[in-house]
Amino acid sequence: MELDLQATIKELIQGALKELDNDLEPKDLVYLDFPTDNRFGELSTNIAMRLARTLKKSPAQIAGRLIPILEEKIKSQKLDIYIKDIKLEGAGFINFYFTDRFFYDRLSDLIVKGRDALRINLGHAAPVIIEFVSANPTGALSVAHARQAAVGDILANVMAFTGFKVNREYYLNDEGNQINILGESVVLRMKELAGERIEFPENYYQGDYIYDIAREVAGRRPQVVSPGDFAAGHILGIIKKELEDFGVKFDSWYSQKSLRESGKIDEALAFLKDKGFLYEEDGALWFKSTQFGDDKDRVVIKSDGSYTYLAPDIAYHRDKYKRGFKKIINLWGPDHHGYINRLKAAVLALGYDAGSISIIIVQLATISRGGQPVLMSTRRGQYITLREVLDEVGKDAARFFFLMRRTSSHLDFDLEVAKKQSSENPVYYCQYAYARIASILRSSSPVLKPGELDVRALQEKEELVLIKKIWQFNSILNICVITEDPYWLTVYLQELAETFHKFYDLHRVLGQDSRLTSARLALIQAVQTVLGTGLELLGVSRPESM
RNA sequence: GCGCCUGUGGCCCAAUGGAUAGGGCACCAGCCUCCGGAGCUGGGUGUGUGGGUUCGAUUCCCACCAGGCGCACCA
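Note that the first sequence covers residues 874 to 1419 in my numbering.
Among the clues, some could well be false.
[Stated by the list, open to error] Simulated crosslink set (SDA-like; lysine to any residue; CA at most 20 Å straight-line):
hint : residue 1 : residue 2
1    : Lys1113   : Tyr1256
2    : Lys948    : Leu885
3    : Lys1064   : Glu1089
4    : Lys1146   : Asp1170
5    : Lys1161   : Ile1174
6    : Lys1130   : Glu1057
7    : Lys1268   : Glu1409
8    : Lys1175   : Lys1199
9    : Lys1038   : Leu995
10   : Lys1199   : Tyr1127
11   : Lys1200   : Ile993
12   : Lys948    : Thr972
13   : Lys1268   : Gly1412
14   : Lys960    : Leu995
15   : Lys1038   : Ala998
16   : Lys1122   : Gly1412
17   : Lys957    : Ile940
18   : Lys1169   : Tyr1127
19   : Lys1137   : Gly1049
20   : Lys1122   : Lys1268
21   : Lys1146   : Thr1163
22   : Lys1268   : Val1290
23   : Lys883    : Thr1356
24   : Lys1217   : Phe1144
25   : Lys1146   : Lys1195
26   : Lys1137   : Leu1223
27   : Lys1342   : Glu1368
28   : Lys1137   : Asp1192
[Claimed, not checked] Label pairs and their computed distance ranges (CB to CB):
hint : residue 1 : residue 2 : range
29   : Glu1368   : Glu1153   : 23 to 33 Å
30   : Glu1335   : Tyr1212   : 24 to 34 Å
31   : Glu1333   : Ser1229   : 41 to 51 Å
32   : Asp877    : Asp958    : 16 to 26 Å
33   : Thr1356   : Ser931    : 44 to 54 Å
Don't read these hints as lab results, they were simulated from the structure. We put the beta carbon where it would ideally sit given N, CA and C, even for glycine.
From just these sequences and the hints, can you work out the full model?
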């Protein structure tokens, strides 16, 4: 039987609040939490405390009226087979206690349906575009890009799993200032290789890879019309390969060059001009972004007649909406944070809802080795690349580690720890639990027919804790989507692995009486399904043995 | 100067405004005739400073202190 008890309880509370006071708008008020301690039941709401001020009553008084209404509804809707008790506890929490039957039913459901039982439909097929990485094709990807790639890809995985129609996009700056400088860097290196004395400007691309490209261009000189385009194409190939090896696949690559050639930039500017949001000053064309919350107006066409970066970006985002996306998510590095307000201003000026676009700043990742920071200098072309991290620690550890702090927080990536094959390394900790289960299941498969399987044989404390932990998976996905941060998944998987290891240590699966052994085999298979789904969403491999 | 991120036990970090602030490392002491010991169990006088909002603040607001990053008619 399909039942999202969490959603049901939320609706019950909202209904009960309406009965209590018809003026309340309970939609945004009701939150359900997992209590800090399982002796406070399975779900908890703080609604009585939150309403104390508005209703001018004590939390206890509010709960005292709310609880009987809830109990009545539960009884009339025959939910009492799953909810056994509602209590007012602590400072005014209303705690819901579930029956064992609820958890046994959920477990049976998961055993029968497998990973489909874990799907929840939050997105209702809403089309979402997640744009991330979008690094200029002027050099290898850095660890900062790597973190954006991991976060973006995994957020996309989670949203796709929870019912959104997700498109991963890479915006390609394939023309403009940086590409020109790239081209000139190549030309200079070619001259140098030909024996000419050159002076190489500091703001040109310093890396050794420019020599490689210069040699290649020199080799096929007649065919290469634009060294800049050639170099960008060459480097883009490297970037694509790096991303592929990192397990990140984009659905679309959006070229700035084609955007300009399509005339969409001029169209977008004409649109804003019609609305009266553009004006000329000092020979440049300005966008009145202050009218939409920015702290100063921004230039869109420079006095020399060329676009600033903002102009194509306005057109690009307009095009995202025109392509039918209802939700736009951009992942940017912290150096772009000052740019948020002007882009949001543009979205508003274009007539779209501010809530339809989320800009997530992915904080910097720094690299250390055995606790010692590894210094980087982009200017000198010396920085740790995604490629180096991949070569050193592998895809699994890299993807997991980049998500181990909240996306909005700095992350220190210690290469030594990521390489360790011990409990210090959470990737191995989770994979080890998975492999342990696989090992047991190799020697004996569970009986999957519901008639022959009696999950009620699972009575030990560690077994019940494990079942409850499994049940929380859906909520974790929910939190990831709401907070637009897939980080929570790594925390949950570590907890699930820990819960399993504790169970494993105290109770034997094989060699019990057949009723208990079947039930435990089914339980660990369910754990493996959840663990496996979680690892899959992270893009981390699920080893059958290690 | 302005903006963003971060200050939690010896060290690294958790806690979508909630209940007794949790883990890991290190250190000490235990657990394999038994499904994988890459595991488990036990051991803890800690939220940078000062205010504020709240029934309740590690979390939100203000000021300060400390560290990191960013502040173009670059992209």
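Against the structure, the hints come out as follows:
1. Lys1113 <-> Tyr1256: Between lysine 1113 and tyrosine 1256 the Cα gap is close to 19 Å, so the pair holds against 20 Å.
2. Lys948 <-> Leu885: holds (12 Å)
3. Lys1064 <-> Glu1089: holds (13 Å)
4. Lys1146 <-> Asp1170: Satisfied, since the Cα-Cα distance of roughly 14 Å is no more than 20 Å.
5. Lys1161 <-> Ile1174: holds (13 Å)
6. Lys1130 <-> Glu1057: holds (19 Å)
7. Lys1268 <-> Glu1409: holds (13 Å)
8. Lys1175 <-> Lys1199: Roughly 32 Å between the alpha carbons, so the hint for lysine 1175 and lysine 1199 is violated.
9. Lys1038 <-> Leu995: Status holds; Cα separation ~11 Å.
10. Lys1199 <-> Tyr1127: holds (18 Å)
11. Lys1200 <-> Ile993: holds (19 Å)
12. Lys948 <-> Thr972: Judged against 20 Å, a Cα distance of about 14 Å means the pair holds.
13. Lys1268 <-> Gly1412: Roughly 9 Å separates the two Cα atoms, so the pair holds.
14. Lys960 <-> Leu995: violated (29 Å)
15. Lys1038 <-> Ala998: holds (5 Å)
16. Lys1122 <-> Gly1412: holds (11 Å)
17. Lys957 <-> Ile940: Holds, at roughly 13 Å.
18. Lys1169 <-> Tyr1127: Violated. Lysine 1169 to tyrosine 1127 sits at ~29 Å, over the 20 Å cutoff.
19. Lys1137 <-> Gly1049: It holds: about 16 Å lies between the C-alpha atoms, which stays within 20 Å.
20. Lys1122 <-> Lys1268: holds (14 Å)
21. Lys1146 <-> Thr1163: Holds - the C-alpha atoms of threonine 1163 and lysine 1146 are around 15 Å apart, at most 20 Å.
22. Lys1268 <-> Val1290: Judged against 20 Å, a Cα distance of about 14 Å means the pair holds.
23. Lys883 <-> Thr1356: Between lysine 883 and threonine 1356 the Cα gap is close to 19 Å, so the pair holds against 20 Å.
24. Lys1217 <-> Phe1144: holds (16 Å)
25. Lys1146 <-> Lys1195: Holds. Lysine 1146 to lysine 1195 sits at ~19 Å (cutoff 20 Å).
26. Lys1137 <-> Leu1223: holds (13 Å)
27. Lys1342 <-> Glu1368: holds (8 Å)
28. Lys1137 <-> Asp1192: holds (8 Å)
29. Glu1368 <-> Glu1153: 23 to 33 Å: violated (59 Å)
30. Glu1335 <-> Tyr1212: 24 to 34 Å: Hint violated: Cβ distance 51 Å, outside 24 to 34 Å.
31. Glu1333 <-> Ser1229: 41 to 51 Å: For serine 1229 against glutamate 1333, whose Cβ atoms are near 49 Å apart, the range 41 to 51 Å holds.
32. Asp877 <-> Asp958: 16 to 26 Å: holds (20 Å)
33. Thr1356 <-> Ser931: 44 to 54 Å: Given about 32 Å between the Cβ atoms, the range is violated.
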